[in-house]
Structures are given as structure tokens and as C-alpha cells.
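**Q** What follows is each chain in one-letter form.
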Amino acid sequence: MKVALVFPPQGHFTQPYLSLPSLAAYLRANGYPDVWQLDENIEAYDHFLSRARLERSLARIQAPRRLAELEARTELVFSEMERYQRLSEIALIGAEVASSIEEAKRVLRSKEEFYDYERYLWAGRTVEQGLRIFSEEFAPTRLTAHGFVMRYRVERSREIVAALSDERENPYLEFFREHTLPRLAAIDPDLVGLSITFPSQAIPALTLARLIKAWKPSVHITVGGGLMAYVAEKLAKRAELWSLIDSIVLLEGERPLLHLCEVVEGKRSIAQVSNLIHRDGSSGQVVKTPQLDPLDIKTLPTPDFDGLPLERYFSPELVLPLAATRGCYWGKCVFCTLYTVIGPGYRGRTIEQTVEDMRVLQQKYGASSFYLAIEDLPPNMAKRFPEAILEAGLKVSWWCDARLEHDVFTADTCQKLAAAGCKRIAYGYESSSQRVLTAMCKGIDPEKSLELIKNTHEAGISVTLYAMVGFPTETREEARATLRTILANQQHIQEVSVRVFYLDETSEIFRRRSEFDIVEIYPDPEADLQVYYDFKTGSGMSRAEARTTYLEFTRALRSHFPVFQNTNMLYHELKSHYFLYLVRHGSWDALRADVLEKTATTKSLDAQPRQKARLVARELAYDRGEIDRRVSSIDSATVRPRYQSDLFEPEDLARFDRELAPLAPSPSRLVYDRDTGEVQCLSPAAAEVLERCDGSRTLAEVVEIFPHSVRAEAERCVHDIARAGLLV
Amino acid sequence: MKDEKKPSEAEPKPKAPVASEKKDEAGPKKPGYVFKIVPADPKNAFDFEDVADK
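Order-wise, the sequence lines are chains A and B. 190 is the number that my numbering gives to position 190 of the first sequence; each next residue is one higher, with no gaps. Start counting at 1 in the second sequence, then tack on 728, and there's your number in my numbering.
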């Protein structure tokens, strides 16, 4: 009996997820040793970001030729500007990025170079540029470090089905055929389990299922994971699904998967597998089996990461996820949907078990960094965990989410947590308004929360706050007060993770929506997998205002918080990279002083300024800076919100082409710095200033070719060029 | 704000475009020297909401 557990793309690439190691450990401990774990997410990123693959993309994209076609136009409409933006970047940097991509991955995996912040920024930018090159081959599909979106929407099963065979726009078809199927063929599994946690995995996972079924129709394919908990029953109504998969596991996967192994071996009937949706072989009816109480997680083995390609994640050190609890001990927030994903009840391992899990994983994999994948650090654990870690003699670093629990995060407790390796806590702050927090049933006092935040930071633990904008009835003034409070306390806050409130049909607030003044919801008749609903409230912000206020937050955070500056790279790779930097430097204050502030310091201008040698330039017929401004001036989410997708609908694009002013040619120069990976756009006069900075002229001589009336401006431009890092 | 990402949102009716330039507002270019240097900003740069969820 051979089992292949697969984590399909797309998740992030900095560390493994917990689902496969939890399931593999359980199966191995219960009589099924032949379990393979395939992280096709990291395998795909690693392959897509290889020199050979990017060169293949460049050959297929033909960016210089297509850019030349656009440059020959007398004007550009909106959709052409979008294309111009992408092609001009690729025409300039494509070959260089392809030739340096392996080096960029090496830096991200290097224990030395990763912590050289300049090198790290270059590597991170190069990876993102590589993903833009790769995405262009499959446009409008877009794969980034954080997401995968296609024109097809994952809330419409009809569109998902169409995506599965779209050779032109689905990048995973080719990858799975060339790479995943051979790996699976070598295993020749009897059972394949696909873990689908995120919506971005839905299309890739079902694409893979389709290819596996075509290759080996007899294999039993089951899918499970967080996303399935939301959409499984709706998806099960779609007949095509049952030609791709054989069953769907609901909620926790350990027990159903073990029983499915017995079904495949002929030892159990599929009707005897709990928490499962399947299609009955004789009647063709879709059947949902009874739901059993979840397992006591104290009985579960330590996650087993054996077989995962641990050396391939884009991080220099392993940060292993570990679940000390399942569910939330508070469980009252009306917007929360955890019950849907995790199932009923809150359960925890003992503190001794969690310490032992860490010890085992440290010994087995050499990992000393952990992400506690829990909803919130329980009060008894916050108090006793530090002592248990220290008593066990463990030298570990870790981070987790927590509730702003008033009696728990005292100065003393925070100091003990820090001493036991806690480097970062992410708190659910949400709002500074007691009225809004009470409506949410958060059970916290925003004034007292600020004390806990201060205690946490002063103990040397980095503080992240979750904030929510647009909770029903929240006014714009209330949201802005939250932002003001955050900014006023920013000396104690390192990161803010802000998002707009979404109305989820499985939440308490959806069921009691009239109590929250939600007067209308807008179902999409074509979205048979719809979970989120647009809505209208009788009071507070409209949805568009909520989005606009969210954008106010993001602008303020970018300008006030060091982590979000300097192209935001540390935050970009949120899951592990910022945390690893904290571990390396000991605390936020040390990281800021040793790295971020040093990098931000610009050296004074030389007497004879000289441009860097490793700059690559391309003359453009259009003003790329103006194109960027126009393209970014339309926020796709205010046009037609699509959850986590910034793609425009074709009809919206056509409307923009008709209604928005076209752009006339106006030359500019795009300059790529091969040392930093940054790309700058210069006006012709600024480009001339840069050219004249050749190390032989003083500042006055650099600007002397310009009329007196603009020389002061030209001198300022030299300083701007220096700040942009283009001078030696 | 959990580690689990959530399924896709509904699609409400499209709103009016919010771009600053409408067709009839496009004026002639100002002559003279323009000294401008800006970072090239690709459209899919960093979104807080994307990052928060994975």
C-alpha cells in the first residue's frame, strides 16, 4: 500500500506547511510506512525560477519584438499601457534575471549571504522579477510570491473546469506533466491525497488530479484541507468533479485518510469512513458520511517531515510549523470562520508534549526555529511554556499568534517568553474602538491592549497587529482613529497586517446579519462556490469606502513603519524571512539599528559624481513613469472586487480603453541596476544628468549644459539620482 | 485573520473607473526641462492583503 501526499501550488516558498507532515506521521504510526510527501509548490517555484525555464519563457514571450510593436503606435490605450509596463521591464532585465536567478536562490538559501541585507534585497527582487517574466508567458495569469490568479475565478466551478485544460494560460499543466507525473510514476501510489488549504491551490490541485486520473485511472484520489471545508459540499454537486477525484475529506484528515487506506486495501467499505464525501459506485449518488468528533490531539504523533525537499525552500534555515493546539479557546469573534475549517471544539497538546515535539524536530532536522501554527497562545501556555522550554535546555526561537489577553501578557510574562526564545507575537487588535470591538465580540479593551503591546515590545519581542477595516457599521472616523492610535504607538509596534472585512457565509455575523445592520447581500448567480458576499449596510462605511480607507492604511504604514519601507522585502517574505532576521539580530531594536537604519543612510555626494558601472539602460518611446502612475491609479478592487485578485475583467478593460485618455509618446529611459536589482525610470533631462555623472565633472559642471533657470532643479536631480542608488 | 486563506469573494456590480484621467481631461504636455526619476513600479508589487493570508 503506497500513499502519495501532495501539497499542490500555490503557497508561499519560505517554509514547509504542516498538513502533509501531520498526516504522514499519523499514517506511519498506524501501520502505513510507505507514505511519500511531495511539496509540488516548492518544486514548481524552484523549477519556474531556474535559468533554463526563464530562458524558455523569454524565447516564448518575445518581449523586444512585442515592445517594438507597441512603441510604433501613435498612442497607447489603457490595456496597452499595462502590456507596455510588463514588456518594457522584461525587455530590459529579462536576460540578466535569467542568468542570475540561480544565484538569487542560492543567496536566499545561504546562511551567510541571506543576512547580508543588500544581497538579500537583490535576491528577493530578482526572484520577484523572475516570477513576472514567467507569468508573462501565461498572461493574464499571474504567479507571485504570494498568490496565483488566472482569469478563471475559483468561486465558479464552471470556470475552474475550463482552467484545467487551458494549455495557453495554465502554467501547471506543463510542469505537472514534465515533473510531477514522473515523480508519481516512480512511486506508483495506490492512494493520492491532495491538500488544498488556499483558494490559490484549487485550480493547480484539480489540474494535477485530472492528469493523474488520465495516467492511472485506478488510483484513489482524495482531496482535503481548509478550502474544502468551505466549498466541498457545493463542489460535490458538479458532475465533472467526480471524473477527477474519488473522495473529499472534511475537516481534520488523519482518521479519514487512515480509513481510506483500508478502503483501498479492501479492508473497509467507503461508507464506513467518517467525514467524507464520495460518489456511491452503484447508485452514482453523492454521499456524505457521518461526522465524528475530532481526535484528541494529545494522541497524535510529532509531525514527520521526512521525504520533503527541506533543502529547497527559499530560506537559509528551516522554520518548522508546529501545532500545539487546534481551534480557538476564545471562539466568540463573530467574523471568525475557524469552526468551519477546524471543526468543533478547542483541543491542546500538553506543554510537555509541545516541548518534546520541538526537541525531536530539532534533533532530527537541526531546526531551531519554529512557527507555532495555532490560532492563539493559550493563557496557561503563555505562563508555563517558557519555563518548560528552559527546563528542557532547549535553545529555540519561535513565534505565534495570540489574543490580547489582559491578565496574561504582563511585563513579567513577556520577559519570560522572550527568554524562552519567543521573537514575535501577532495579536488580533482589529480596532481601537471599544464599540466596534464589542460588536465583534472580541472581549478586549483597546486601552489595556496598548499596555500589553508595550510590555511585549519592551521584552524584546516583535509585535505584529492584525487590523480590520470595514466591519459592518464601522464608520470611517472609527477606522481612521484606529490608524491614528497605531501610528501614535508605533514605537511599540513593528508590523501591522491590515485587511478589509469580508462577509463569509459560514460566520456568525452572516447568520445574524440583520443585527449588524446588513440590509442587503449580493449573491452572484454564476458563482456556485460563492462563500463571500458583497453587502450593503444601513450605517457605517460603504464597501468602496472601506477599500479606500484600507488603502489609506497601507499608504500610512508604508511611510511610517521601517519594515514596510525599502521595497518591503522583509515583509514580502513574511512567513519566515523577517522572523529569521529577528532571530539573527536578537530583537527588533537591534535589527533596526544594525540593518534597516544603516541601509537607509545615504552617503554624501562625491565632488565629482560618477554613475555606477553595472547599470543597464533602455530608451523608451513612452514615459514609463507616467504609465506606472496611470495603471496604478485604478484600484481593481474598487472597480470590481475579486478576492485576492488584482486582474481586471475583460469588460472593464475594454471600458477603460474607451473611456480613459490615451497616452501620447514621450521618451523616457529605464535603468536597471544589476547590483541591487532595482529599476528606475528617468525623464530625458534626468537621463542626461545621469550620463554626465561620469566622475570627471563637478556638480556645477554636470548641470552647466542646462539653462540657468533650471540648474538648481538639475542639481536636485543629481541628489535624487544619488538617493536612487545609481551613483558610486 | 487566520493562517487559512479563504475562498474567493463575490463579484458585485462594477463601479465607475477611478483613474484620474478621463478622455476629455487630457491636456497638452508642458514644454521645458523635466528632471524626473521614479522607481519603476510593476503592477503586482506587494499587497498587504495577499501577504497576510499565507
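In case anyone wonders, no lab produced these hints; they're calculated from the structure. One or more hints might be untrue.
[Said to hold, decoys possible] A short list of chain A residues far from chain B (calculated; beta carbon distances all over 12 Å):
{"id": "1", "residue": "Ser99"}
{"id": "2", "residue": "Arg119"}
{"id": "3", "residue": "Gln129"}
{"id": "4", "residue": "Arg132"}
{"id": "5", "residue": "Leu164"}
{"id": "6", "residue": "Lys598"}
{"id": "7", "residue": "Glu626"}
{"id": "8", "residue": "Ser632"}
{"id": "9", "residue": "Val679"}
{"id": "10", "residue": "Ala685"}
{"id": "11", "residue": "Glu713"}
{"id": "12", "residue": "Ala714"}
{"id": "13", "residue": "Ala724"}
{"id": "14", "residue": "Leu726"}
[What the hints assert, rightly or not] Label-pair distances were calculated between CB atoms; the ranges are:
{"id": "15", "chain 1": "A", "residue 1": "Tyr115", "chain 2": "B", "residue 2": "Pro767", "range": "51 to 59 Å"}
{"id": "16", "chain 1": "A", "residue 1": "Asp293", "chain 2": "B", "residue 2": "Pro767", "range": "52 to 60 Å"}
{"id": "17", "chain 1": "A", "residue 1": "Glu619", "chain 2": "B", "residue 2": "Pro767", "range": "14 to 22 Å"}
{"id": "18", "chain 1": "B", "residue 1": "Pro767", "chain 2": "A", "residue 2": "Gly31", "range": "52 to 60 Å"}
{"id": "19", "chain 1": "B", "residue 1": "Pro767", "chain 2": "A", "residue 2": "Arg384", "range": "45 to 53 Å"}
{"id": "20", "chain 1": "B", "residue 1": "Pro767", "chain 2": "A", "residue 2": "Arg359", "range": "53 to 61 Å"}
Cβ atoms here follow ideal geometry from the backbone N, Cα and C, with glycine treated the same way.
**Q** Going through the earlier hints one by one, which of them does the structure break, listed in rising order?
**A** Of the numbered hints given earlier, those the structure breaks are 3, 4, 7, 8, 9, 10, 11, 12, 13, 14, 15, 20, listed in rising order.
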